[in-house]
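Protein chains: 2
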Amino acid sequence: MDTIQSLGYNVYFNDSLTELVNFIQQGKYSKVFILSDDQTSNCCLPAVTERLDGVTPYDLIEISSGEANKTIDFCIGVWKMLIDFGADRHSLLINVGGGVVTDLGGFVASTFKRGFDFVNVPTTLLSQVDASVGGKTGVDLDSIKNIIGTFTQPKAVFVHPGFLETLPERQVRSGLAEMLKHGLIDDEAYWDELKNSDLSVPNPELVFKSVVIKNKIVLDDPLEKGRRKCLNFGHTIGHAVETFSLDNDGDHLTHGEAIAIGMICEGWLSVQKAGLKQEELEEIISVLTRVYPKYHLDDSCYTVLNSLMKKDKKNEGDNINCTLISKIGACAINQICTEDELCESLKFYASLNF
Amino acid sequence: MDTIQSLGYNVYFNDSLTELVNFIQQGKYSKVFILSDDQTSNCCLPAVTERLDGVTPYDLIEISSGEANKTIDFCIGVWKMLIDFGADRHSLLINVGGGVVTDLGGFVASTFKRGFDFVNVPTTLLSQVDASVGGKTGVDLDSIKNIIGTFTQPKAVFVHPGFLETLPERQVRSGLAEMLKHGLIDDEAYWDELKNSDLSVPNPELVFKSVVIKNKIVLDDPLEKGRRKCLNFGHTIGHAVETFSLDNDGDHLTHGEAIAIGMICEGWLSVQKAGLKQEELEEIISVLTRVYPKYHLDDSCYTVLNSLMKKDKKNEGDNINCTLISKIGACAINQICTEDELCESLKFYASLNF
Ligand SMILES: NC(=O)c1ccc[n+]([C@@H]2O[C@H](COP(=O)([O-])OP(=O)(O)OC[C@H]3O[C@@H](n4cnc5c(N)ncnc54)[C@H](O)[C@@H]3O)[C@@H](O)[C@H]2O)c1
Ligand SMILES: NC(=O)c1ccc[n+]([C@@H]2O[C@H](COP(=O)([O-])OP(=O)(O)OC[C@H]3O[C@@H](n4cnc5c(N)ncnc54)[C@H](O)[C@@H]3O)[C@@H](O)[C@H]2O)c1
Ligand SMILES: [Zn+2]
Ligand SMILES: [Zn+2]
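Top line first, the protein sequences correspond to chains A and B. With UniProt numbering, the residue at position 102 of the first sequence is 102, and numbering never jumps. With UniProt numbering, the residue at position 287 of the second sequence is 287, and numbering never jumps.
Hints are computed from structural coordinates only; laboratory data are not their basis. There could be a bad hint or two in this list.
If chains are identical, the list can't say which one is meant, so a pair holds when it fits in one copy or spans any two.
As the list claims (entries may be wrong) - Below 35 Å or equal to it, Euclidean Cα-Cα: the simulated DSBU-like pairs (lysine-lysine) are:
{"id": "1", "residue 1": "Lys347", "residue 2": "Lys273"}
{"id": "2", "residue 1": "Lys31", "residue 2": "Lys273"}
{"id": "3", "residue 1": "Lys31", "residue 2": "Lys216"}
{"id": "4", "residue 1": "Lys31", "residue 2": "Lys277"}
{"id": "5", "residue 1": "Lys28", "residue 2": "Lys273"}
No experiment lies behind these values; they were computed from the predicted model shown.
This is chain A alone, in the form it adopts within the complex (with noise of 0.2 Å):
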């Protein structure tokens, strides 16, 4: 597994973590700041304050995990702490966690006096295979996803396949749904080898593999004008029910979960519309329900999912615009849905037996 170079960066996975007290001591930083979530505070920062003891002073600051912390608020409070901390455009921000803290501190990070450096050690499946490449940040604003942020890279990324261990079955599962979308809409080699493994352990060859096509897809298209809207299958649905679940469940569905849907419901819409065969999406339905059980839609959520699909990000005007997929392995972007068409997906997928 070599280091990757992304936008202006390096994504380390070998020894990454010596990797980062490299980076540390050639980086001439007024201050260190690490950013962790009350979770992430136990089971991953003790790995890394242990090498950073010694070689640079550093301060805590810690939000609360969940997706539900990651808000204005939140950041609000964080900025706060920078103040009160002394920091400056020559400090360091050093994000410890899974998406919701790289997503929040690169945020922080970008807009703090105008943007000073951070970089992400990312602690999850998720964050590792898709939050460590592509420079998005953002925070949520009244339960809309990602609705504040910037485009801004982080300085280097180091990924740590040790920190995977702690992690809880349900978020490993979550990491893997972005895994498997990397093979369905670019490669469907590395779609094969997910469907063949034993996909309840998170393997670091295949994270390695999936970052490479993630860095691959967003060195094409850094802004998100084209090309890089292949990375949204399976979002614009799963971000709803994502939102949905968020608002009405209390044990809610991860982003994982949720994209899983949304890929059964696109894939569904694929064949409808980009000449996506039957027998593939059936291949697809069955790697995916293998994997994630059955989430619960009833009748009287499809108004609600698609008041929600109209306020999301991705939509241009009026219609609603779905990134879809051709054949296993290659993406359709810009198809034009209608709020039917949408909610005949979901009913599809309401229907499955699993």
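Put chain B with the ligands on the given structure of chain A with help from the hints.
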């Protein structure tokens, strides 16, 4: 007065509201929003909307006027309105107002859905000469000025001198401080021209010359890594005085009034540390005191001012980094000043009789 080319966008001076209409007609925007404050809604917005009616539909968003409202809370309000109005990444925001509207509107647009287009229609002298080029957006937090923001360029700026007719005298003086600063840091001939002009009414030719100077400096150093720091002359102390006044005075100082105080103090520091001649300082003081009334500083405020300066975003670590001038028309960046020196300069200002 030609159109000025700034960082990837134009600043229009001639018949600029017609240029705004042209810009929108060429833009193919999905939606158009106009942000103004409760003052500019009355005195400036009608001139804009009467041009746009029949050209494009638009939605109006209004914030309360005044620096005290340049906050994250108002950003949240504007973001929520954009969500409700269905703004997307292909929308356009037109900021019609002074620096408060253009700074806040720029920040809102640069972070909503990770950024959509905005243009500025600056309606104060200050925002025409200063905020119209440079790409700085930002809002205040805990009364620390511009602590949250981005570097994002507008897509165009439209300077319409007619707006200045309704501008109160104190606001004219506020903008004038930046014009005088442009002369002091970069152009002795321009300083002489200003010195010999009637400074009580804004002069479009002089506005244009100021923007030319600022633009030259900004193009040299878009991200404020070095040269551009010269624009901070008067601002280390000026920002602290401005914040202090905002916190303590019912009828607080304008930005320019505070910067004028800062320029006298930092002029004095320039004599002590950067080679400015005593007679140049006297000339600067004579021009500034002709325009700006004395502000009362007593012994109790020096500690507060010093702690405000330490929080200023131009500092690197523990030092207070000032921009001074080595002569009229030439600046000296990265002058490290101690607390004592800054305090002495404030006492020098307090000792002046005018
Ligand atoms: N920026 C991007 O490109 C991008 C890409 C995908 C997802 N995201 C965002 O990422 C977020 C989801 O990321 P996530 O799934 O990592 O969520 P998360 O950060 O909430 O992590 C999930 C849970 O696992 C805990 N955790 C983290 N690391 C752990 C470890 N090593 N062991 C045990 N527990 C651990 C966390 O504390 C949290 O409770 C969403 O907000 C999504 O929008 C961003
Ligand atoms: N982005 C930059 O590069 C930059 C540069 C300089 C200053 N600024 C910022 O700009 C702000 C100050 O700008 P400002 O002085 O324009 O303040 P402002 O926007 O508060 O305007 C001053 C007052 O004048 C009113 N007003 C505006 N136009 C008017 C008109 N044509 N007629 C009558 N009244 C009018 C406003 O409603 C307000 O009450 C500060 O927050 C400062 O930080 C930014
Ligand atoms: Zn995703
Ligand atoms: Zn200024």
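A quick look at each hint next to the structure:
1. When the C-alpha separation of lysine 347 and lysine 273 is checked against a cutoff of 35 Å, the pair qualifies only within one copy, where the shortest distance is 17 Å, while the shortest distance between copies is 75 Å.
2. Taking the shortest alpha-carbon separations for lysine 31 and lysine 273, only the inter-copy value of 28 Å comes in at or below 35 Å, while the best intra-copy value is 53 Å.
3. In this homomeric assembly, lysine 31 and lysine 216 come within 35 Å of each other (Cα to Cα) both inside a single copy, at 33 Å, and across copies, at 33 Å.
4. In the homo-oligomer, the alpha carbons of lysine 31 and lysine 277 never lie at most 35 Å apart, since the shortest distance is 55 Å inside one protomer and 38 Å across protomers.
5. Within a single copy, lysine 28 and lysine 273 get their C-alpha atoms only as close as 54 Å, which misses the 35 Å cut-off; across copies the closest is 27 Å, which meets it.
Of the numbered hints given earlier, the model fails hint 4 alone.
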